[in-house]
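Given these sequences and hints, build the entire structure.
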Amino acid sequence: MAKLNSSDIAIKVTAVNKSYIVGKKKTPALENINLTIQAGTLFGLIGPDGSGKTSLFRILTSLLLPDSGEIWVDGLNVITEYKNLRKRIGYMPGKFSLYTDLTIKENLDFFASLFGTTFEENYDLIKDLYVQIEPFKDRRAGQLSGGMKQKLALCCALIHRPTILFLDEPTTGVDAVSRKEFWEILQSLKKEGITILVSTPYMDEATLCDQVALIQEGKILDVDTPAQMVNKFTNPIYAVKGANMLLLLRELEKDPSVERIYPFGEHHHLVMKEKDVLPVLPLGVTINKIKPNIEDLFIHLMQHHE
Amino acid sequence: MNKNAIVVNNLSKQFGQFKAVDDISFEVAKGEIFGFLGANGAGKTTAMKMLCGLSMPTSGQASVAGFDVYKENESIKKNIGYMSQKFSLYEDLTVRENIKFYAGIYGIAPQKIKEKTNQLLQQLVLEKEADMLVSQLPLGWKQKLAFSVAIFHEPQIVFLDEPTGGVDPITRREFWNLIYDAAANGITIFVTTHYMDEAEYCNRVSIMVDGKIEALDSPGNLKKTFNAKSMDEVFLHLARKAKRIE
Amino acid sequence: MQKVWMRFFFIWLEKQKELNSMKQFYHFIVKEFYHIFRDRKTLFILLGMPMVQIIIFGFALTNEVKNTRIVIVNQSTSATAMKLVEKIESSAYFELYSQTKDPSIIDQLFKKGTVKVALIIPHDFAPALIAQNKGQLQIITDATDPNVATALTNYLSVIIQDFQKDLNPNNIIPYKMEVDTRMMYNPQLKGAYNFVPGVMAMVLLLVCTMMTALTVVKEKELGNMEILLTSPINPIKIILAKAVPYLLLSIINITTILLLSYFVLDVPINGSLVLLYAESALFIMVSLGLGLLISAGTDSQQSAMFISLIVMFLPTVMFSGFIFPIENMPLPLRIVSNIIPAKWFFIIVKSVMIKGVGIQLVWKETLILFMMMIFFFTMAIKKFKIRLA
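As you go down the protein sequences, you meet chains A, B and C in turn. Just so you know, we're using the working numbering here: the first sequence kicks off at 19 and counts up by one. Just so you know, we're using the working numbering here: the second sequence kicks off at 95 and counts up by one. Just so you know, we're using the working numbering here: the third sequence kicks off at -5 and counts up by one.
Keep in mind the hints are simulated off the structure, nothing from the lab. Computed from a predicted structure; not experimentally measured. Take every hint as true, because none was put in to throw you off.
Only some residues are given here: those of chain A computed to face chain C with a beta carbon under 10 Å:
1. Ser80
2. Lys101
3. Arg106
4. Gly108
5. Thr118
6. Asp127
7. Phe133
8. Cys174
Pair ranges (Cβ atoms, derived):
9. Asn321/B / Ser37/A: 44 to 54 Å
10. Lys145/A / Phe109/B: 28 to 38 Å
11. Glu49/A / Met226/B: 15 to 25 Å
12. Lys206/B / Gly217/C: 36 to 46 Å
13. Asp33/C / Gly280/B: 44 to 54 Å
14. Gly217/C / Pro46/A: 16 to 26 Å
15. Lys42/A / Gln205/B: 32 to 42 Å
16. Phe300/C / Ser37/A: 25 to 35 Å
17. Ser37/A / Phe31/C: 36 to 46 Å
18. Glu248/B / Glu292/A: 38 to 48 Å
19. Lys42/A / Asn104/B: 51 to 61 Å
20. Met226/B / Lys145/A: 43 to 53 Å
With a cut-off of at most 35 Å between alpha-carbon atoms, the simulated DSBU-like pairs for lysine-lysine come out as follows:
21. Lys17/C / Lys101/A
22. Lys293/A / Lys318/B
23. Lys143/B / Lys35/C
24. Lys167/A / Lys335/B
25. Lys307/A / Lys323/B
26. Lys113/A / Lys306/B
27. Lys30/A / Lys212/C
28. Lys309/A / Lys335/B
29. Lys167/A / Lys377/C
30. Lys42/A / Lys194/B
31. Lys335/B / Lys155/A
32. Lys318/B / Lys306/B
33. Lys318/B / Lys143/B
34. Lys167/A / Lys143/B
35. Lys317/B / Lys250/A
36. Lys113/A / Lys113/B
37. Lys17/C / Lys105/A
38. Lys198/A / Lys318/B
39. Lys209/A / Lys323/B
40. Lys165/B / Lys206/B
Don't be surprised by glycine CBs; every beta carbon is placed ideally from N, CA and C.
Spelled out as C-alpha cells, the structure:
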C-alpha cells in the first residue's frame, strides 16, 4: 500500500492520563504521557514493574481507554478507529496468553484465522522463529518451556504481519541466554520494516533499542537514543573495587563529597558531586572513571524526581 | 555441629526418562550468600524444591540445616525461610496481618510477634503503611517486606527464588542491602536471579546447565577461569552449551 | 454504467469478506471443540450427568410400595366393608396397622410417621352402595413425599377397583364405588412423570448456562481475551462461537434423557418428537444467552459459577414447578416464577411429551421463551466489553 502522509510516525501520544480506583483512592497510573515513535524503530519502554508500562501498552492497543489525551497509532485514532487498528497491530501481553490446551500448530492456525489469514500466507515472516519450535508442533502449549512459549507467542503475534508490534515485557523472568536470542530475533524483525514497541524492566536491554523511554511511577523520565541519553548524566562517575566491598560501600556512603554510591556488579558505582574531586579511599581500592550506563541514569533520574 | 548449612551429595531427581537434576554435589557454608544460577529449565527449581523438603530426591544425599531431606523434611521446613517472586504475601491482607499470619505459622509467641513487628516496620520504614493492604504497596516494597517476613522466624537458611524480578534499580539495591544484613546475622542465603550483576554480589555462585552443576566458585574466580570480563559472559559461555530443549 | 459496475464490485467484495469471516467463525468453533474434547473429565461429567440424574430420579427416589402400613377407619359394620378390608390386608402391598372407628387417629399416626396412608370407609358405605348405587370411600395419604403418596394412592385405588369387579363380576349391577382421595400437606400432588421434564430443564441449564459462562470467563482469566480483543474479530462472533458447541452437546444430552426415560423408565413420548426437539433447542438458546450474559458481567470463573448457581440453578429448582408446585405458592412468588425460563420449558415439555399436545396449545409459552432468548442475547452482546475494564 502506498504510504500516506505523515506515515513516518508510527505512534503519537499526546497528554495521556490514566488513573485507577484502588480501594476508594484514585491512583494515577499514567501522568501526562507524550511520545512520538518513528515508523520502523525498535523502541524500548524501560521501567520497573508497576511503573505504568502495561497500562500504556493497553491504551495503545485499544484495550483501555485513557482518561484524557490523544493517541494515534499507525495513522488511526485509537479510540474511534479501534476496529481498523485491531487488524493491523500485533500484541503480545506480558502474561502468556495463548491456549494451553491447544498445540503449537493449532494456536498458530487459530490466531491466523482470527485475522483472516493463514499460517502459510505469512510463513516467511515467522520462519526463523518457527523452525525452532517446529519439532514440537504437536505438543500442547501448556507443556512447553518458558523460552518456547515465548517464541510461540511471538509467532502468534506476527502471524498476520502487523505493521506495529507491541511486546509487553517479553523477557521478564527469562534467562540471559534466551533473552539475548530474543533480542536478535527483534533485530531481524526490524529489518522487515515492522515498528516494534517493547517494554522491559531490564535496564541493560536499553542499549539494544534504537530509542528508549524511561518510565517510573507513571511518568516518562526521558526519551532519547540510548547513546544520547547517557550523555545527560553530567556528574563524574567512577567504578571502585576493594577487598571488602560491603565495608567500602558503608565508608564511602559517609563521605560528604559523594553524591551517591551503590553496588553495580563486581564494582560499586561512585557518583561524585563535583568534577576533579575524589574521596579519600582506603588502601588497595582501585578506582576508574567510567561512562555511565542507562541504569546509572535511571537511578539518577529516579532520585531527582523524588 | 557442622559448619555447613547445606550439604548435597550426588543428588538426582528423575521424572520418567528425564533427569531434571543430574547428580549434583555442593556445600553451602553458614552465613554464605550462595547464588544458584541456570537457564530456564536447567533444573534450578527442582533442586530447590528438594532442598526445601517439598520434593523427594530420586537418589543421592542432602542435608539442610543439619536435617536429612528424606526423613526430616518437617524439621527442615521449620528451619528455613522461603520467598519467591510469584508467591509471597497475601495481597488482600494488610502489612501487619501478613506478618502476624506468617509468624503465627511458625508458632512464635504473640507478645514476641508484636515486638518484632514494630521493630521490623521501623526498619523497613513501613510504619505509616502498616495497616494498608499489601496490594496497595509498590512492588519493591512488597518484595522487601516479603523477604523480612521470610526471615521473621530467624531461620538458619533462606531460599530466595528470583526475589528482585522487575524491581526498580534503587529498590533492587536496597533489597540486597537487606540480604547483606541477614547474612551478617548468620542467616545463610540461597538465591536465584536472572540479573547477572546480582551474581557478583554473592560469595559463591553455581551455574546449572542441563541438570548438572557446570561451574561453582566465587564470581572473581569464575571470571578468571573462563577468561571473562563479567558474570554475564561466564553465564552465556556455559549456558549456550545446553543441549536440553525440554 | 460505471456506477452499476461499482455496485456489483462492492457487493462481490462484501461477499468475499463474508466468506472470510465465516472461515474465522468456523476456526473459532473448531477451537471451542478442542477445548471441550481435551478436558476429558468435564466432558465426561457433562455427558454422564443426564444419565446419573435420570437414574437417581427414576429409581433411587421412587419408592416401591411393598407391605406399607395402612390404617383403616372402618365406620361401616357391613359385610362388604369387611370384605374390602380383607382384600386390602391380603394384598402384598399393604399391611393393616390398625382398624378403628375414630378418624382422628390418622393425623396422629401421620405426624408420628408410622403410617403414610389411610382408608376411610364411612358408616353409610354399604347402604349407599345399595340405595344409590354409589359407595363413598376416602383415601388419605401423607404427601410430604409426593411420589410416595401418589404411588400409594394408585396402588390402593387399583385394589379397590379390583374389589369392585369382584362384587360385580358381569358388570350388570350398576353400582359403583366412588373413591375420594385427599392428599394431605400437598394437595396439588405432582405425578411421577414430572421429573423427566424437570431433569431436562436442569441438565440443559447446567450445561448451557454454567458451562458457557465459565468458558468465556476463563478466556478473561487466562488473558486470552486480551489478544482476542486486539484482533479484528467481532465480539458477536466470540459469543456465538462459544455457544455452538454447547448447543450440540445439549442436543446429545436431550437424546440421552429421552432414550433413557422411554426405554428404561417407560415414560411415554406422546407428542411430536420434532416439536420436542425444537422446543428444547429454543430453551437451550435461552440458557446459552443467559450464560453469555453472566459471563459478560463477571471476571472470574469463581464468581461466574456462583452467579450461575444463585441466579439460575436454585430458582429453577424452586420456581419451575418441577419439585415445588407453583400453584401452592403465595402470589408474589407465583409472579416471580414467571421470569424463570425453566418454568415455561417445563410446561411445554410436559404438555408435548406427556399430554401429547401440539404447538397450538403451547405457542404462548414458546413465544415467551423466544422473547427471553432475544432479550438475553441482545443484552449479552450489548454488555460484552470491547475493551478491558
